[in-house]
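Engineer: The primary structure of each chain is shown beneath.
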Amino acid sequence: MTRETRQLPNRSLLKLVAGAAPILLVLILLPSLIGTYQVQLLIYGLIAAIAALGFNLLLGYTGLLSFGHSAYFGIGAYSVAFAVAHLGPHSMEFYLLLGIPIVAVTSALFGYICVRHTRIFFGILTLAISQVVYSLALSFYWVTGGSDGLRVPRPALLLGLLSFSGSHGFQFFIKSYYYYVLGIFVIGVVLMWVIVHSPFGKALQAIRDNEVRARFIGLRIRRFRWISFLVSGTFTGVAGILWVPLNGLTTPDVLYWTFSGEIVFTALLGGFRNFTGPIVGGIVFTYLKTYAVASTEYWQLLLGVVLVTLVLVLPTGIVGAISRARQRLARRSAVT
Amino acid sequence: MILLRTVDLRKQFGQTRACNGLDFIINKGEFLSLVGSNGAGKTTLVNLISAHLQPDSGQILLEDRDITFTTVAERIKAGIARSFQIVNLFDGLSVFDNVALAVFSRDGKTVKMTRLADHDRDVRLETLEVLGQFGLAGKAATPAGGLAQGERKLLDVAVAYALHPRLLLLDEPTSGVSTHEKAQIMDTVSSVVRGGMVTAVVIEHDMDVVFRYSDRIVMMHEGSFLADGTPEEIRANQEVANILLGAPLTA
Amino acid sequence: MAILAIQILNSLLYASVLFLIAAGLSLIFGVMRLVNLAHGSLYAVGAYVTAWLVGRGIALGVPLGWLFLLLPLGALSVALIGIVIEPLLLRPFYRRAEEYQLLVTFGLLLILEDLLRLVWGGTPLSADTLMDALPILHIGGLFYPAYNLVVIAIGIVAAVILWAVIYHTKFGVLLRATSQDRRMASALGLNVGLVYVVAFGIGCFMAGLGGAIVVPTQAAVLGMGVDALVIAFVVVVIGGLGSLKGALVGAVVVSLVRTAGIQFFPELELAVLYVIAALVLLVRPTGLFGTT
Chain A
1 MTRETRQLPN
11 RSLLKLVAGA
21 APILLVLILL
31 PSLIGTYQVQ
41 LLIYGLIAAI
51 AALGFNLLLG
61 YTGLLSFGHS
71 AYFGIGAYSV
81 AFAVAHLGPH
91 SMEFYLLLGI
101 PIVAVTSALF
111 GYICVRHTRI
121 FFGILTLAIS
131 QVVYSLALSF
141 YWVTGGSDGL
151 RVPRPALLLG
161 LLSFSGSHGF
171 QFFIKSYYYY
181 VLGIFVIGVV
191 LMWVIVHSPF
201 GKALQAIRDN
211 EVRARFIGLR
221 IRRFRWISFL
231 VSGTFTGVAG
241 ILWVPLNGLT
251 TPDVLYWTFS
261 GEIVFTALLG
271 GFRNFTGPIV
281 GGIVFTYLKT
291 YAVASTEYWQ
301 LLLGVVLVTL
311 VLVLPTGIVG
321 AISRARQRLA
331 RRSAVT
Chain B
1 MILLRTVDLR
11 KQFGQTRACN
21 GLDFIINKGE
31 FLSLVGSNGA
41 GKTTLVNLIS
51 AHLQPDSGQI
61 LLEDRDITFT
71 TVAERIKAGI
81 ARSFQIVNLF
91 DGLSVFDNVA
101 LAVFSRDGKT
111 VKMTRLADHD
121 RDVRLETLEV
131 LGQFGLAGKA
141 ATPAGGLAQG
151 ERKLLDVAVA
161 YALHPRLLLL
171 DEPTSGVSTH
181 EKAQIMDTVS
191 SVVRGGMVTA
201 VVIEHDMDVV
211 FRYSDRIVMM
221 HEGSFLADGT
231 PEEIRANQEV
241 ANILLGAPLT
251 A
Chain C
1 MAILAIQILN
11 SLLYASVLFL
21 IAAGLSLIFG
31 VMRLVNLAHG
41 SLYAVGAYVT
51 AWLVGRGIAL
61 GVPLGWLFLL
71 LPLGALSVAL
81 IGIVIEPLLL
91 RPFYRRAEEY
101 QLLVTFGLLL
111 ILEDLLRLVW
121 GGTPLSADTL
131 MDALPILHIG
141 GLFYPAYNLV
151 VIAIGIVAAV
161 ILWAVIYHTK
171 FGVLLRATSQ
181 DRRMASALGL
191 NVGLVYVVAF
201 GIGCFMAGLG
211 GAIVVPTQAA
221 VLGMGVDALV
231 IAFVVVVIGG
241 LGSLKGALVG
251 AVVVSLVRTA
261 GIQFFPELEL
271 AVLYVIAALV
281 LLVRPTGLFG
291 TT
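If you're matching them up, the sequences are chains A, B and C in order.
Each residue of the first sequence is one higher than the last, beginning at 1 in this note's numbering.
Each residue of the second sequence is one higher than the last, beginning at 1 in this note's numbering.
Each residue of the third sequence is one higher than the last, beginning at 1 in this note's numbering.
Isolated chain A, as found in the complex (with noise of 0.2 Å):
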């Protein structure tokens, strides 16, 4: 029996490190690969997967659906955008050591109303919460830059050892920012897969599963769901705070509510039901936005029609359909 149950979670660490590190040699590769353009499109990808990671804390693993998600990517674009005009350029170390505090603040604070409630009125009052910081960044241009939004340049990364300027800086740039990006995208995976098997994890998907067990067990239901909602909000700011030095400007659009639509698409395209589905959604959601933009102007009807197209076919995701496939493809060769 010892045998037995040491193999338990050595396997399942084992099982993750076989099927990540191929996928990350290619990560690392890829920009020796492919062109700067491309490269840019991938550090958008990541972003794009560690926002959605973030977000899937809140809704696959916890069952709380955020509409409201855009309002911490936003403010944690913001507050790097807002360093810039106080303090002036600094390196990301400083952006990413001022804005993570901001936006665990503000998660907490407004995880703290948002989970005193159910499901529905959840939804509602994120989607609230994040409409007013928007109509606050509209309201006090003289602050925000108003729908002009703020510029950011290019920082510094690693404390100031590499700073980039001149026309020749900009490929050198993307792939520098690149490598810093997934660096922090790896500890990010990382550290979101620790959080979801550890006992908390585990709490949590308790409290999604049967929220009455769960208090007759002794768990606190108010409590883990706001912790839950404080680390979702901060991983989507870090992505925000990630976003803006790349996307040089930030604006309110990245606060509106439509933002928060393609965080909960991302999540439902690869599938929110797995840890892996948010990933694989926001690395190919930067993909098809990309390519959709460029050939629609109503590209937010087509969101739309793909969105409830997902919810009636593929309600798993992308990934939730992979592995329903290889179970298929499993039981028809035991059979044979």
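Treat the hints with care, since some could be wrong.
Claimed, not checked - Pairs of lysine-lysine, DSSO-like flavour, derived with a Cα cap of 30 Å: (1) LYS139(B) x LYS77(B); (2) LYS15(A) x LYS109(B); (3) LYS15(A) x LYS139(B).
No lab work stands behind these hints, which were simulated from the structure alone.
Following the hints, put chains B and C in place on chain A, whose structure we already have.
Structural biologist: Positioned in the frame of chain A, the structure of chains B and C alone reads:
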């Protein structure tokens, strides 16, 4: 030695008096069956003791400590755990995780986010032990939603038991299973509970089960206690026999 | 003094429109346990369609009196959309997890909002001809359009009719039975599917009517749907989801607060409403008259 008692406990739903001034006593270490027709108030009483409901008036005392206004979490900490009539499990989690979670919660370890759940040896060993006692070790990796009804009932009890309660409240642990399985379930539950010296209150409808396993039988009828005694005493009680056989109660 | 009267009338106007939207939302939730995130967009559709119809009507030289009939027509068009949507898009999700319902209606919201942009573009569409058709009243030395009073009247009439239907007709009994216990109603032989479609249609009609009667006073613009959704939810939060009385009280409260808020804190208008909603939720999580 009295473990828990209620003083003039009342609960009313509209016109229905589910608990009509109950003075209930639970002795330490006993295996007590709570019986009575549907609507007699048994589940309400269990709900009140487990903090699922708040009483309209009256008191609940755990070893002379007034716990009437404590929360569910506080009551679990004080040592009261329960299972449910309609099986209440974490269907998306494995059988192992269902029980492990109870252990983590009991030990206050559910705040840990940076350790893997599977790496906690103490919890793992204890979970496997509990699963073994309830005969579920073989199904440890199965999702709880995939178990047969009888196994689900056992798991429900196992999860409550894993909380190391002093008082275990079981709401119809054998409902919905075949007669053969009933005996199996009750054998397991009874031996584990007695072996762990846990006091148990079991709501049960099957009188064979009740007479076979209980130290004491308490019968409720329309919110009040009708009879209270050992199986032999109850068997000899004519009034009770009338109720059980469905004959009208003579005034 | 006259200014106060005008302010109150404006609040009642806003309340009237809000009531229609919120009551529709509450009705749908009360009967079907469905939260329709696209409800605000249906309100917007009502506004746009009505404004467009009025424009066509004017172009075709239709006499002014008849143009007023376009208001209920605009509302009816939204009801028709609802009757088509419910069996096609919503029914497959009643048995599924709640998240899917929210996701589907969210997708619908995206679709409707962009469809409006596709059909009518970014320029606001107005129907002020209707408002100008009615005289301007003198209230204590100030001018006030009579049309606004018509809006208030329609709101009151709608409330009365709705109340009468729900509590004093056979269909109302069916609605209430289905909302209380769907399975029981079905077991008793009630055609639950039909009740759902009709209830949804009525809810959509009310949203559409709200849009129709508001558009002569303010042009239909993109994004009005989402703004309406958020405020309608504040109304149902305060009044309680599933309650007609709650929708009425909530609409009045929200309007008064909004009017006062605009006077003193114009930038914080939405924030003030939200704070009120949060306070109400803290004290009474199901709203003042809620039935969750």
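Engineer: Holds or violated: LYS15(A) with LYS109(B), Cα cutoff 30 Å?
Structural biologist: holds, 26 Å
Engineer: So if I understand the rule, the pair passes when the alpha-carbon distance is 30 Å or less; does LYS139(B) with LYS77(B) pass?
Structural biologist: Cα-Cα ~29 Å, so holds.
Engineer: Has the given pair, LYS15(A) with LYS139(B), been kept, meaning a C-alpha gap of at most 30 Å?
Structural biologist: holds, 22 Å
No hint from the list above goes unmet by this structure.
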